[in-house]
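Here the sequence shown is numbered in full-length UniProt numbering, starting from 1 and rising by one per residue.
Calculated from the structure, these hints are not laboratory results.
Please note: incorrect hints may appear among the correct ones.
Claimed, not checked - Taking lysine to any residue and the SDA-like style, the derived pairs with C-alpha atoms no more than 20 Å apart in a straight line are:
| # | residue 1 | residue 2 |
| --- | --- | --- |
| 1 | Lys367 | Thr132 |
| 2 | Lys432 | Gly366 |
| 3 | Lys220 | Phe254 |
| 4 | Lys246 | Asn291 |
| 5 | Lys246 | Gly193 |
| 6 | Lys246 | Arg295 |
| 7 | Lys174 | Ser153 |
| 8 | Lys220 | Thr176 |
| 9 | Lys246 | His302 |
| 10 | Lys432 | Gly411 |
| 11 | Lys432 | Ser183 |
| 12 | Lys284 | Pro256 |
| 13 | Lys163 | Ser422 |
| 14 | Lys246 | Ala212 |
| 15 | Lys284 | Gly265 |
| 16 | Lys246 | Gly265 |
| 17 | Lys284 | Ser305 |
| 18 | Lys220 | Lys174 |
| 19 | Lys163 | Leu216 |
| 20 | Lys432 | Gln365 |
| 21 | Lys246 | Tyr258 |
| 22 | Lys174 | Gly411 |
| 23 | Lys367 | Arg396 |
| 24 | Lys163 | Thr132 |
| 25 | Lys432 | Tyr382 |
| 26 | Lys432 | Glu135 |
| 27 | Lys284 | Pro344 |
| 28 | Lys432 | Gly410 |
| 29 | Lys367 | Lys432 |
| 30 | Lys367 | Pro385 |
| 31 | Lys163 | Thr176 |
| 32 | Lys174 | Gly142 |
Stated by the list, open to error - Cβ-Cβ distance ranges computed for the label pairs, FRET-style:
| # | residue 1 | residue 2 | range |
| --- | --- | --- | --- |
| 33 | Lys367 | Thr340 | 16 to 24 Å |
| 34 | Glu338 | Val167 | 20 to 28 Å |
| 35 | Asp346 | Ala253 | 33 to 41 Å |
| 36 | Gly397 | Glu315 | 21 to 29 Å |
Beta carbons: idealized from backbone N, C-alpha and C, even for Gly.
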Amino acid sequence: MEVDDGPARVGGKRHISSHRIPQVCRYWQEGRCNKGDSCQWLHSSGPGTSGRLDGDNFLVGSKRHNNVVEGRRWGKPRGRRGGGGGGGGGGRGIFTDGGRPRPRDKPCIFWMKGDCNRGSQCNFLHSYSTTTEMEMMTQLTGHTKAVKGIALSSSLYTGGQDKSVKVWNSDDGKCTTTVPMGSEVESLLIASGWLFVGLPNEVRAWNMQTNAQQSLDGPKGQVYALAVCEDTLFAGSQDGSILAWKYNTAVNAFQPAYGLYGHAGAVVTLQAAGGRLYSGSTDKSIRVVWNIATRECLFTLHGHSNVVMSLLCWEQFLLSCSLDGYIKVWAATPSGLEVTYTYPEDDQGDELDGALALCGTVDAQGKPVLLCSYNDNTVRLYDLPTRCFVRSFNERGVLFSRDEVRVLQGGPGGLVFSGESSGDVKVWCWTKAISSTG
Numbered sequence: 001m002e003v004d005d006g007p008a009r010v011g012g013k014r015h016i017s018s019h020r021i022p023q024v025c026r027y028w029q030e031g032r033c034n035k036g037d038s039c040q041w042l043h044s045s046g047p048g049t050s051g052r053l054d055g056d057n058f059l060v061g062s063k064r065h066n067n068v069v070e071g072r073r074w075g076k077p078r079g080r081r082g083g084g085g086g087g088g089g090g091g092r093g094i095f096t097d098g099g100r101p102r103p104r105d106k107p108c109i110f111w112m113k114g115d116c117n118r119g120s121q122c123n124f125l126h127s128y129s130t131t132t133e134m135e136m137m138t139q140l141t142g143h144t145k146a147v148k149g150i151a152l153s154s155s156l157y158t159g160g161q162d163k164s165v166k167v168w169n170s171d172d173g174k175c176t177t178t179v180p181m182g183s184e185v186e187s188l189l190i191a192s193g194w195l196f197v198g199l200p201n202e203v204r205a206w207n208m209q210t211n212a213q214q215s216l217d218g219p220k221g222q223v224y225a226l227a228v229c230e231d232t233l234f235a236g237s238q239d240g241s242i243l244a245w246k247y248n249t250a251v252n253a254f255q256p257a258y259g260l261y262g263h264a265g266a267v268v269t270l271q272a273a274g275g276r277l278y279s280g281s282t283d284k285s286i287r288v289v290w291n292i293a294t295r296e297c298l299f300t301l302h303g304h305s306n307v308v309m310s311l312l313c314w315e316q317f318l319l320s321c322s323l324d325g326y327i328k329v330w331a332a333t334p335s336g337l338e339v340t341y342t343y344p345e346d347d348q349g350d351e352l353d354g355a356l357a358l359c360g361t362v363d364a365q366g367k368p369v370l371l372c373s374y375n376d377n378t379v380r381l382y383d384l385p386t387r388c389f390v391r392s393f394n395e396r397g398v399l400f401s402r403d404e405v406r407v408l409q410g411g412p413g414g415l416v417f418s419g420e421s422s423g424d425v426k427v428w429c430w431t432k433a434i435s436s437t438g
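All chains should be built: construct the whole structure from the sequences, respecting the hints.
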């Protein structure tokens, strides 16, 4: 059983319309309907038809107004954030100003597939981003299922649920090696010259200089998260445990050290900083903070109402994101760690898109930026202030993908790598960084 084998939809909509809603032909909206007047769906963009919000906040113009989300294992209904990645093709754009469409705020799914024939007449974005500050440099294809791990050294390493690890040349972006794993890969880590791969019931370790490998047994179930802290390797497992290994130079091998226990659900994210280990779980808690020296849990943080998907240590703060759609900023207080800021701030009772992964980077001017992927197929960029987080998550733009981005990894020179559920890996870069090196 995998962590993401839950229902395709988390929770239910808060409002249900009981009256009949007219439907707009999605093929007409795309300029591809050939039925003319015989079409059973509306061919109109007037008031009350094309994508306008009705009194119950349901989008008019979609045959799927019941908001069923197809093929999403982390699926949460789309929330109130604009610019989502659902894309053109079903009348699901966001509309404002009394039902008038706000043009080009969503990507064209046909353009992403390479077969949009509308050209400049298309009502949807022909772009992977809403910002001119960051653009996609290239797309790496080869994995046939979700990419769950990305690691960097002199080459790029990716691991996926297609049971393989791929090695990519950093100069031309070509895949140089594919290593069959025999099982689904859920995590990757490079540290101290070793490549670690999280697999069911084991961690596979490769010495990147000698190619020597070792299987680290002990985990029960899938290994979802890996971290290194003070010469110790940690693995978060499906059974809720965190196991530790140390490298023994006398025998040139990793040996079991100890285990950390307490989570009631799978450990899906780990972060290490300042001699402490932070863990997030499907039990909705952050068993922060494990003191490595004493091996004790100092605090258990409860602030999210769904799975804690990703953690990020940034300066003196801990950031967390969850399938509940919120990003929380935790800071040290005399009584422990407490939430100092929650984004989004306003809670209007709407369901939010689930947050999947966090990544910290810097832009072309050296300013810190937070990237967060959501299960509406978007990655959102936020300013990441260094001192005060209160009311400070200003959105910098949105990056679009064909499917959910399950892993984000920052790289040198402003590079950002995103791994999608489709198996694609996109390489992004700040545009000024591109021009300065081009």
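Here is how each hint holds up against the structure:
The suggested pairing of Lys367 with Thr132 holds, with an alpha-carbon distance near 16 Å, which does not exceed 20 Å. Taking the CA atoms of Lys432 and Gly366, the gap is about 11 Å. The hint holds against a cut of 20 Å. In summary, the hint linking Lys220 to Phe254 is supported, as the alpha carbons are separated by about 18 Å, within the 20 Å threshold. Distance check on the hinted pair: Lys246 and Asn291 sit about 16 Å apart at the alpha-carbon level, within 20 Å; holds.
Proximity of Lys246 to Gly193 is assessed by CA-CA distance (about 14 Å); at most 20 Å being required, the pair is judged to hold. Simply put, Lys246 and Arg295 have alpha-carbon atoms about 14 Å apart, close enough for the 20 Å limit, and the pair holds. A threshold of 20 Å between alpha carbons decides the hint, and for Lys174 with Ser153 the separation of about 15 Å falls inside it, so the pair holds. For a cut-off of 20 Å, the pair hint linking Lys220 to Thr176 is broken: about 32 Å separates their Cα positions.
Among the hinted pairs, Lys246 with His302 is inconsistent with the structure: their alpha-carbon atoms are about 31 Å apart, more than 20 Å. Simply put, Lys432 and Gly411 have alpha-carbon atoms about 16 Å apart, close enough for the 20 Å limit, and the pair holds. Distance restraint check for Lys432 and Ser183: the Cα-Cα separation of roughly 40 Å exceeds the 20 Å cut-off, and the hinted pair is therefore not satisfied. As the CA atoms of Lys284 and Pro256 are separated by approximately 28 Å, the hinted pair breaks the 20 Å bound.
Among the hinted pairs, Lys163 with Ser422 is consistent with the structure: their alpha-carbon atoms are about 14 Å apart, no more than 20 Å. The straight-line distance between the Cα atoms of Lys246 and Ala212 is roughly 17 Å, inside the 20 Å bound, and the hint therefore holds. The straight-line distance between the Cα atoms of Lys284 and Gly265 is roughly 8 Å, inside the 20 Å bound, and the hint therefore holds. Proximity of Lys246 to Gly265 is assessed by CA-CA distance (about 25 Å); at most 20 Å being required, the pair is judged violated.
For a cut-off of 20 Å, the pair hint linking Lys284 to Ser305 stands: about 6 Å separates their Cα positions. Simply put, Lys220 and Lys174 have alpha-carbon atoms about 35 Å apart, too far for the 20 Å limit, and the pair is violated. A C-alpha spacing of about 18 Å is found between Lys163 and Leu216, which places the hinted pair at or below 20 Å, so the restraint holds. Using a Cα cut-off of 20 Å, the hinted pair Lys432 and Gln365 holds, with the two alpha carbons roughly 9 Å apart.
Among the hinted pairs, Lys246 with Tyr258 is consistent with the structure: their alpha-carbon atoms are about 9 Å apart, no more than 20 Å. With a CA separation close to 17 Å, the supplied pair Lys174 and Gly411 stays within the 20 Å bound. Distance restraint check for Lys367 and Arg396: the Cα-Cα separation of roughly 12 Å lies within the 20 Å cut-off, and the hinted pair is therefore satisfied. With a C-alpha separation of about 36 Å, the suggested pairing of Lys163 with Thr132 is violated against the 20 Å cut-off.
The hinted pair formed by Lys432 and Tyr382 meets the criterion: a straight-line CA distance of about 18 Å does not exceed 20 Å. Of the supplied pair hints, the one linking Lys432 and Glu135 holds, its CA atoms being roughly 10 Å apart against a limit of 20 Å. For the hint pairing Lys284 with Pro344, the CA-to-CA distance comes to about 18 Å; that is within 20 Å, so the pair holds. Between Lys432 and Gly410, the direct Cα distance comes to roughly 17 Å. Compliance with the 20 Å bound is thereby established for this hinted pair.
Restraint check for Lys367 and Lys432: the C-alpha separation of about 13 Å stays at or below 20 Å, so the hint holds. With a C-alpha separation of about 8 Å, the suggested pair Lys367 and Pro385 falls inside the 20 Å cut-off, and the hint holds. For the hint pairing Lys163 with Thr176, the CA-to-CA distance comes to about 17 Å; that is within 20 Å, so the pair holds. With a C-alpha separation of about 10 Å, the suggested pairing of Lys174 with Gly142 holds against the 20 Å cut-off.
Take Lys367 and Thr340: their Cβ atoms lie about 20 Å apart, and the range 16 to 24 Å holds. Glu338 and Val167 have their C-beta atoms about 43 Å apart, which leaves the hinted 20 to 28 Å range violated. Taken as a hint, the range 33 to 41 Å is violated for the pair Asp346 and Ala253, whose Cβ atoms sit roughly 53 Å apart. Between Gly397 and Glu315 the CB atoms are about 23 Å apart, so this pair conforms to the stated range of 21 to 29 Å.
Violated hints for the displayed structure, listed by number in ascending order: 8, 9, 11, 12, 16, 18, 24, 34 and 35.
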